[in-house]
Amino acid sequence: MRLAKVIGTVVATRKEDSLIGFKLLVIEEIDPREERPINNRLVAVDTLGAGEGDIVLWVQGGAARVISDEHRKAPLDVAIVGIIDAVDIADE
Amino acid sequence: MRLAKVIGTVVATRKEDSLIGFKLLVIEEIDPREERPINNRLVAVDTLGAGEGDIVLWVQGGAARVISDEHRKAPLDVAIVGIIDAVDIADE
Amino acid sequence: MRLAKVIGTVVATRKEDSLIGFKLLVIEEIDPREERPINNRLVAVDTLGAGEGDIVLWVQGGAARVISDEHRKAPLDVAIVGIIDAVDIADE
Amino acid sequence: MRLAKVIGTVVATRKEDSLIGFKLLVIEEIDPREERPINNRLVAVDTLGAGEGDIVLWVQGGAARVISDEHRKAPLDVAIVGIIDAVDIADE
Amino acid sequence: MRLAKVIGTVVATRKEDSLIGFKLLVIEEIDPREERPINNRLVAVDTLGAGEGDIVLWVQGGAARVISDEHRKAPLDVAIVGIIDAVDIADE
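Chains G, U, E, P and V, in that order, are what the protein sequence lines are.
To get my numbering, take the position in the first sequence, counting from 1, and add 401.
To get my numbering, take the position in the second sequence, counting from 1, and add 401.
To get my numbering, take the position in the third sequence, counting from 1, and add 401.
To get my numbering, take the position in the fourth sequence, counting from 1, and add 401.
To get my numbering, take the position in the fifth sequence, counting from 1, and add 401.
Where hints are given, some of them may not hold.
What the hints assert, rightly or not - Here are the simulated lysine-lysine pairs, BS3-like style, with alpha carbons at most 30 Å apart:
1. E:K424 / E:K474
2. P:K474 / P:K424
3. U:K474 / P:K474
4. U:K424 / P:K424
5. U:K424 / P:K474
6. V:K424 / V:K474
7. U:K424 / G:K474
8. U:K424 / U:K474
9. P:K474 / E:K474
10. U:K474 / E:K474
11. V:K474 / P:K474
12. G:K474 / G:K424
13. G:K424 / U:K474
14. V:K474 / P:K424
15. G:K474 / E:K424
16. E:K424 / V:K424
17. G:K474 / V:K474
Read the hints as simulated data drawn from the structure, not as lab findings.
Given only the sequences and the hints, what does the whole structure look like? Please build it.
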């Protein structure tokens with residue numbers, strides 16, 4: 402699991418039928434220590450109601466498809482699974 | 402899921418039987434914020450009718466094989482799953 | 402499997418139901434030869450009672466979900482699976 | 402899926418029983434646009450009769466194990482799945 | 402599959418029950434062309450009796466869990482699957 406900031410959306414009219422109804426967000430990975438963007442931007446499915454500016458927890462690979470039966474049948478490899486309230490890093 | 406631009410095709414006469422009939426496209430990853438190519442080029446299976454110049458949404462890993470029974474039996478690890486109409490990124 | 406140091410925690414009130422009850426720790430990958438941090442920080446689920454400063458063994462991908470029935474149903478892709486007592490590297 | 406050139410072989414007398422009989426080739430990833438090697442060399446299982454100098458299509462992860470029942474039971478994560486006749490890239 | 406040199410061991414007294422009895426080795430990835438270390442060190446499970454200095458063949462991901470029923474139930478994502486006798490690379 403990694404952190405990211407929601408920075409936008411994508412629209413795809415032509416897509417796999419099993420993806421219809423899923424909200425797709427553009428996310429930018431965030432380093433948890435620095436709380437700064439890393440140069441890694443991807444597209445994640447969201448079913449938690451995340452919005453622009455939110456810091457989210459995301460997973461990749463098969464983990465993105467265990468969320469529900471709809472997720473299981475869809476070609477998903479990145480999913481938002483939490484919205485972060487706080488990150489607490491120990492002093493070095 | 403990530404974005405890419407379709408930049409070409411590959412022909413492979415000798416291949417796994419389960420790959421026969423699949424269209425294989427060369428794609429170049431695109432950064433969603435900059436809408437510029439990233440130095441990552443791969444070969445994706447396409448069943449949506451994508452063509453050269455299209456911006457597409459692609460998945461990797463097991464996600465590429467959940468699309469249909471034919472996909473499930475074939476050694477596929479990258480698939481195009483949407484054709485992008487618009488990317489909307491928030492101002493920083 | 403890779404090594405990491407536990408450096409913090411994250412709190413996410415809104416999350417997938419299947420993640421409720423899992424402890425989420427921020428970890429920083431450690432190179433086993435140098436025993437120094439690598440620039441790779443992620444969020445791992447912990448069921449071993451690891452705490453800040455511990456050097457841990459972690460897995461990624463489907464391995465994170467074979468640990469228990471609760472893990473299997475949850476969207477997990479990084480898990481702590483051991484707490485390291487000693488690393489012994491041969492002289493070059 | 403990615404492209405690679407076959408550059409050699411490896412011999413391993415002691416190995417998992419399920420790997421006995423599989424041909425193992427050293428491959429070097431090729432960028433499809435430049436048709437030049439990328440700094441990524443790995444070992445792939447081959448059942449198509451690929452030879453040194455061939456440009457091949459390869460997959461990683463679970464895709465390498467869906468090819469046959471023998472593949473399914475063996476610890477394989479990289480497989481050659483096609484031999485490339487031609488790569489056609491659009492002019493920029 | 403990739404090559405690596407065995408460079409050490411790790412000890413973890415507290416760990417997942419399903420990992421008890423598995424030998425854990427520290428490995429350092431080796432480039433097959435140069436036969437030189439790459440800057441990538443990880444921890445692999447070994448059931449072949451590999452020892453320090455051996456050049457081994459390793460897999461990552463689900464491949465590490467298909468080796469036996471014990472492997473299947475354990476949170477493993479890196480496994481040694483062969484001990485290399487010879488690497489033969491073609492002249493350029």
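Each hint tested on the structure:
1. For the suggested pair E:K424 and E:K474, the alpha carbons sit about 16 Å apart, so the restraint of at most 30 Å is met.
2. For a cut-off of 30 Å, the pair hint linking P:K474 to P:K424 stands: about 16 Å separates their Cα positions.
3. Restraint check for U:K474 and P:K474: the C-alpha separation of about 15 Å stays at or below 30 Å, so the hint holds.
4. Annotation: proposed proximity of U:K424 to P:K424 holds, straight-line Cα distance about 27 Å (limit 30 Å).
5. For the hint linking U:K424 to P:K474, the alpha-carbon distance of about 28 Å falls within 30 Å, and the restraint holds.
6. With a C-alpha separation of about 16 Å, the suggested pairing of V:K424 with V:K474 holds against the 30 Å cut-off.
7. Simply put, U:K424 and G:K474 have alpha-carbon atoms about 22 Å apart, close enough for the 30 Å limit, and the pair holds.
8. Taking the CA atoms of U:K424 and U:K474, the gap is about 16 Å. The hint holds against a cut of 30 Å.
9. Between the alpha carbons of P:K474 and E:K474 the distance comes to roughly 25 Å, so the proposed pair stays at or under 30 Å and holds.
10. Under the criterion of a C-alpha separation no larger than 30 Å, the hint pairing U:K474 with E:K474 is consistent with the structure, at around 25 Å.
11. With a C-alpha separation of about 15 Å, the suggested pairing of V:K474 with P:K474 holds against the 30 Å cut-off.
12. Proposed proximity of G:K474 and G:K424 is supported: the alpha carbons are some 16 Å apart, at most 30 Å.
13. With a C-alpha separation of about 28 Å, the suggested pairing of G:K424 with U:K474 holds against the 30 Å cut-off.
14. The straight-line distance between the Cα atoms of V:K474 and P:K424 is roughly 28 Å, inside the 30 Å bound, and the hint therefore holds.
15. Taking the CA atoms of G:K474 and E:K424, the gap is about 28 Å. The hint holds against a cut of 30 Å.
16. Taking the CA atoms of E:K424 and V:K424, the gap is near 27 Å; set against the 30 Å cutoff, the hint holds.
17. With a C-alpha separation of about 25 Å, the suggested pair G:K474 and V:K474 falls inside the 30 Å cut-off, and the hint holds.
In summary, the structure agrees with every hint in the numbered list given earlier.
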